[in-house]
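Chemist: Respectively, the protein sequence lines represent chains V and Z. Just so we're aligned, residue 1 is where the first sequence starts under our numbering, counting upward by one. Just so we're aligned, residue 1 is where the second sequence starts under our numbering, counting upward by one.
Simulated from the structure, these hints should not be mistaken for laboratory data. Possibly wrong hints are sitting among the right ones.
[Unchecked claim] Per the computed footprint, the stretches of chain Z lying under chain V, defined by three or more beta-carbons under 8 angstroms from a beta-carbon of chain V, are:
#1 13–22
#2 36–46
#3 180–187
[Claimed, not checked] The calculated lysine-lysine pairs, modelled on DSSO-like cross-linking and capped at a C-alpha distance of 27 angstroms, are:
#4 K106/V <-> K165/V
#5 K113/V <-> K68/Z
#6 K68/Z <-> K85/Z
#7 K205/Z <-> K31/V
#8 K68/Z <-> K198/V
#9 K194/V <-> K68/Z
#10 K199/Z <-> K2/V
#11 K214/Z <-> K2/V
#12 K205/Z <-> K35/V
#13 K198/V <-> K58/V
#14 K2/V <-> K27/V
#15 K162/Z <-> K2/V
#16 K61/Z <-> K198/V
#17 K61/Z <-> K173/V
#18 K173/V <-> K58/V
#19 K199/Z <-> K31/V
#20 K214/Z <-> K162/Z
#21 K85/Z <-> K31/V
#22 K27/V <-> K68/Z
#23 K217/Z <-> K2/V
#24 K194/V <-> K58/V
#25 K162/Z <-> K85/Z
#26 K2/V <-> K31/V
#27 K205/Z <-> K2/V
#28 K2/V <-> K116/Z
#29 K58/V <-> K85/Z
#30 K199/Z <-> K214/Z
For each residue, glycine too, the CB sits at the ideal point set by N, CA and C.
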Amino acid sequence: MKNERVDKLIQLAWLEGWISTHGAYEKAIVKRNTKTLVLPNSRAALIERLESALAETKADTPLTVGALLRGLRTEHSLRSQEIFSRIGVTQNIYRMMEQDTVSPLKISLEVWKRLIALLNLSVDELAEMIRRTHQLVFFRPMLKGVLARYSSRKKKGMKTSILEKAYSEMYAKANLELPEAEQRRLNYLITTLKDETKGSTTS
Amino acid sequence: MAAISNRTIVQELKSGDRLGCARLVDMYQARLIDEAVHVFHLPSEDAEELVSDVLLAVVRKINTFEFKRGDGDFHLWVITIFRNKVRDVVRHRALTDGLIERFEEGGLRDDNAYSKVEREVTDAIIRQYQEAIRDSESAITEGESAESAGAEGAGNSTVAAKLLAIADALERLETWERVLLRCRALDVPYDDIARYTDKSVAQLKVYHARVKKKFVKILAEHYPELQGNEERTG
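Full structure from sequences and hints, please.
Modeler: Shown next as structure tokens:
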């Protein structure tokens, strides 16, 4: 394509957002035959960069609703009241949400919708956190039972608080199979949340 | 390109699956380098770096992306990121090398060639755009941290405002002429434009140079203040 002065002007206006081709340019890109030959090592190097960026992104993503709320509060130096009053829960419930000690199934759909709007979250992102939080809350009593047995044996060398943290993280990360009824309830919450927020959130 | 759906790539990236990275690269690396080099005339090394930045931004922001209308949403999102990165490179070039270059005008026949006044007008717009970028850049450099964020926002709108004349002059053309100019500036094939405008490909090819000339005439008529401005050193 020639480097022509009028084309250049129009390109500048397009780049600065003054004009649009209403999707014609975007469609044309898909249909074009590529002329550039990318060298295999250049492709491999880029894939490697993207993979490390993806790994970093995953590490930065909060796993559970509690981690999300704690991160939000510390990152923006907010008081918990500033968050729980906006999403419409009591202080006690908010504290339990931050500590991942309440099942997401017990939180109303309205609260989740307000949280999505407040944080400009994607529904898929929150749904994944809800799933992990529910899994953690559901399996935690079993973990407590195991820890209590160790504690009763007076194994003083065992730092139960550290262990509990480690197990909590492990449960949050794992993909464990919930009992059928639990899974159904969780699916219902996530599907309803997605249906009700369709078209009302921004990416 | 349509063999793997965009939804698959997005799902893979969101779930941390590395296969998504390879698919993203295969789908976009060569394609976007092509656009940067052949449409926006960037040097190929810059284009390759730019495309890496675009795809890195896609991966880093993937969790903020959501499908709203259809599978094509992802492609539009990637192209928006690409557009913003190209704009940043163009602005940087405006600060360093300058954007007024030896333009090729081989497509214009003698009777359609630009007059001196018309060249001055187009050059003046580009020069004003460059100057606005320089001013905005120095305002940011001189500003303090809190004020600089505001200065950057204000600077961006001032820079973009220098191109308002282009959008305004395009509005004075007939719809099909506007579509033709906008689309050809981004190398949209004549076949596609023919479908959008109900004109034949042959007609569009003939009219393209004339419409360009008409557009520049409108600029010269409506923005007489742009004429006769010799280039200032900046």
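Chemist: Compare the structure with each hint and give your call.
Modeler: Evaluation of the provided hints:
1. 13–22: holds (count 7)
2. 36–46: holds (count 6)
3. 180–187: Our answer is that it holds, as 7 residues pass the Cβ test (under 8 angstroms) against chain V, meeting three.
4. K106/V <-> K165/V: Given that 27 angstroms is the threshold and the Cα spacing comes to 23 angstroms, the pair holds.
5. K113/V <-> K68/Z: OK: K113/V and K68/Z at ~17 angstroms, within 27 angstroms.
6. K68/Z <-> K85/Z: holds (24 angstroms)
7. K205/Z <-> K31/V: holds (20 angstroms)
8. K68/Z <-> K198/V: holds (8 angstroms)
9. K194/V <-> K68/Z: holds (12 angstroms)
10. K199/Z <-> K2/V: holds (23 angstroms)
11. K214/Z <-> K2/V: holds (19 angstroms)
12. K205/Z <-> K35/V: holds (23 angstroms)
13. K198/V <-> K58/V: Holds, because 25 angstroms separates the two Cα atoms, which is no more than 27 angstroms.
14. K2/V <-> K27/V: holds (21 angstroms)
15. K162/Z <-> K2/V: The hint holds at about 24 angstroms.
16. K61/Z <-> K198/V: Given pair K61/Z, K198/V holds - Cα atoms ~20 angstroms apart, limit 27 angstroms.
17. K61/Z <-> K173/V: Between K61/Z and K173/V the Cα gap is close to 21 angstroms, so the pair holds against 27 angstroms.
18. K173/V <-> K58/V: Holds, at about 12 angstroms.
19. K199/Z <-> K31/V: holds (21 angstroms)
20. K214/Z <-> K162/Z: Holds, at roughly 21 angstroms.
21. K85/Z <-> K31/V: It holds: about 22 angstroms lies between the C-alpha atoms, which stays within 27 angstroms.
22. K27/V <-> K68/Z: holds (18 angstroms)
23. K217/Z <-> K2/V: holds (21 angstroms)
24. K194/V <-> K58/V: holds (22 angstroms)
25. K162/Z <-> K85/Z: Given that 27 angstroms is the threshold and the Cα spacing comes to 19 angstroms, the pair holds.
26. K2/V <-> K31/V: Roughly 20 angstroms between the alpha carbons, so the hint for K2/V and K31/V holds.
27. K205/Z <-> K2/V: holds (14 angstroms)
28. K2/V <-> K116/Z: holds (20 angstroms)
29. K58/V <-> K85/Z: holds (24 angstroms)
30. K199/Z <-> K214/Z: The given pair, whose Cα atoms are some 18 angstroms apart, holds under the 27 angstroms limit.
Of the hints listed earlier, there is not a single one the structure fails to meet.
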